[in-house]
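Asker: Residues per chain, in single letters:
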Amino acid sequence: MAEGGRQKAERPAPSAISIQPSAVWDALTSVPDPEIPVVSITDMGMVRDVTVGDDGRVTVTFTPTFSGCPALHVIRDSIEQAVRGLGVTDVEVRSTLTPPWTTDWINDDARERLRQYGIAPPAPTGEGQLIQLDAEPTRCPRCGSLNVRMTASFGPTLCKRMYVCDTCREPFEGFKSV
Amino acid sequence: MTTTPTTHLTDTQTQALLLKLTVLADDEIILAHRNGEWTGHAPILEEDIALANIAQDELGHAGLYLSLAQTLGGSDPDRVAFWRGPDDYLNTRLVELPKGDWAFTMVRQFLYDTFEALWLEAATRSTYAPLAEVAAKAVREEKFHVQHTALWVERLALGTPESERRTRAALTELWPHAAQLFQPVEGEADLTAAGILPDLNAVHARWTDLVTRHLVDKCGLTLPDAPTTQPGRDTHTHHLAPLLEEMQSVARQHPDAEVW
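Chain order of the listed sequences is A and B. Plus 89 on top of the position in the first sequence (first one is 1) and you've got the working numbering. Residue numbers are given in the working numbering: position 85 of the second sequence equals residue 67, and the series is strictly consecutive.
These are computed hints drawn from the structure, not numbers from a lab. By construction, the Cβ of each residue, glycine as well, lies at the ideal position given by its N, Cα and C atoms. Be aware that one or more of the hints could be misleading.
[As the list claims (entries may be wrong)] Label pairs and their in silico Cβ distance ranges:
1) A:Leu235 with B:Asp60: 40 to 48 angstroms
2) B:His220 with A:Asp197: 29 to 37 angstroms
3) B:Ala239 with A:Asn236: 50 to 58 angstroms
[Claimed, not checked] Example chain A residues on the side facing chain B (calculated, C-beta under 8 angstroms, incomplete):
4) Ser107
5) Pro123
6) Gly142
7) Phe155
8) Thr187
9) Ser242
10) Pro245
11) Leu247
12) Met251
13) Lys265
All chains, full assembly: derive it from the sequences and hints.
Answerer: Take a look at the structure:
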């Protein structure tokens, strides 16, 4: 991959490729969520902003899904790699907490892919009931029944819960509505 | 991306806020460590995973508080966590007590989670934007902790005579320590008056109402008396030193390590 003479390109070359933000967005659609590979970080709404400076520097701003998510550095590195893959040498990856990530940002296409993968997509978040003691209703991703039981409120990752469907008898994971 | 109005902090306010952020982070770190002690030992696999998840969230919150403190002039979060001894830690005694049995762990977590959720919810309205942002992030995670531990306390209190006995014993031991969560730090009144920090008295009132409805009305437990006075957060039990010794051993053995 490395081309000869790349090392001496300290200052941006006058003819630096001018890249469009849309091309960066496109590249980021192929970066998978490290814990749920059927969806990408853009599907999840984690990428909040892409800017290309006059000097060719690409800045990508993303927001973490959960503050204690152990995959944050993986996501950061993957974003940087994807942008470098476009031939960009100057990449900055920033994270922001504002506005806080919500599952409402997961796009419809990704919700369907999650369902087919066996993960119940998150219910819409209802604001104003942050401190409530009951979990939201969830539909079985296999048979569509609402006759389900939560068997564990913390699944293999921070974002999921475990359920069993009492109609089709299948256990499944459900995305928490955040 | 959004423009929340930010109060400009005076030097005195900055010092008080640094102290408050340290206090909040210390509770999270110590409780996360106690929860981590259940890894491989919880009653069922799902609970092993749940407590590990909760501990991970609490550490995430501590990281947010300490990063905020760092931008205000505090030191590196790793140094704060791993290079202070028991004399410098400012966590409550509630979180440092040994993990005990499952009822003890769940009652403690419930008392703490309800406090944290209510405090964070109030802190989302802070006039200091960076704190409001951190609170808005963390409160969304905290609601899952509250749901989880509230259910466990109910299950244990209304379960077998043995589980009920253990739950009562846990509440009797923990209740006096929970009151410590509502001790203000030095200079906190000024920050509250400026709208930077939530009003602790108001949070305390909401907390008392919520835990009473759950523990007394729903679970049939009796609330013990809380002490009228108690020592501050710089007074610890003998349980904190060995906890820190274990938690900090790797960092102290490899002080120059950059990734571990």
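Asker: If a hint holds in the structure, say so; if it doesn't, say that too.
Answerer: Okay, the hints, checked on the actual structure:
In this structure, A:Leu235 and B:Asp60 meet the distance hint of 40 to 48 angstroms, their C-beta atoms being roughly 46 angstroms apart. At about 56 angstroms, the CB distance of B:His220 to A:Asp197 disagrees with the hint of 29 to 37 angstroms. Range check, B:Ala239 to A:Asn236: about 51 angstroms between beta-carbon atoms, so the 50 to 58 angstroms window is met. Contact between A:Ser107 and chain B, as hinted, is not supported at the beta carbon level, the nearest pair being about 25 angstroms apart and thus beyond 8 angstroms.
Below 8 angstroms, beta-carbon pairs count as interface contacts, and A:Pro123 has none with chain B, the closest being about 15 angstroms; its hint is therefore violated. Of the supplied interface hints, the one on A:Gly142 is violated, with its beta-carbon coming no nearer than about 18 angstroms to a beta-carbon of chain B, more than 8 angstroms. A cut of 8 angstroms between beta carbons decides the hint on A:Phe155: the least distance to chain B is about 6 angstroms, and the hint holds. A cut of 8 angstroms between beta carbons decides the hint on A:Thr187: the least distance to chain B is about 5 angstroms, and the hint holds.
Interface hint at A:Ser242: satisfied, since its Cβ lies 5 angstroms from the closest Cβ of chain B, which is below the 8 angstroms cut-off. Of the supplied interface hints, the one on A:Pro245 holds, with its beta-carbon coming within about 7 angstroms of a beta-carbon of chain B, less than 8 angstroms. The beta carbon of A:Leu247 is positioned within 8 angstroms of a beta carbon in chain B (closest approach about 6 angstroms), and the interface hint is therefore held. Annotation: A:Met251 was flagged as interfacial toward chain B, and the flag holds, the nearest CB pair being 7 angstroms apart, inside 8 angstroms.
Because the beta carbon of A:Lys265 sits about 6 angstroms from the nearest beta carbon in chain B, less than 8 angstroms, this interface hint is met.
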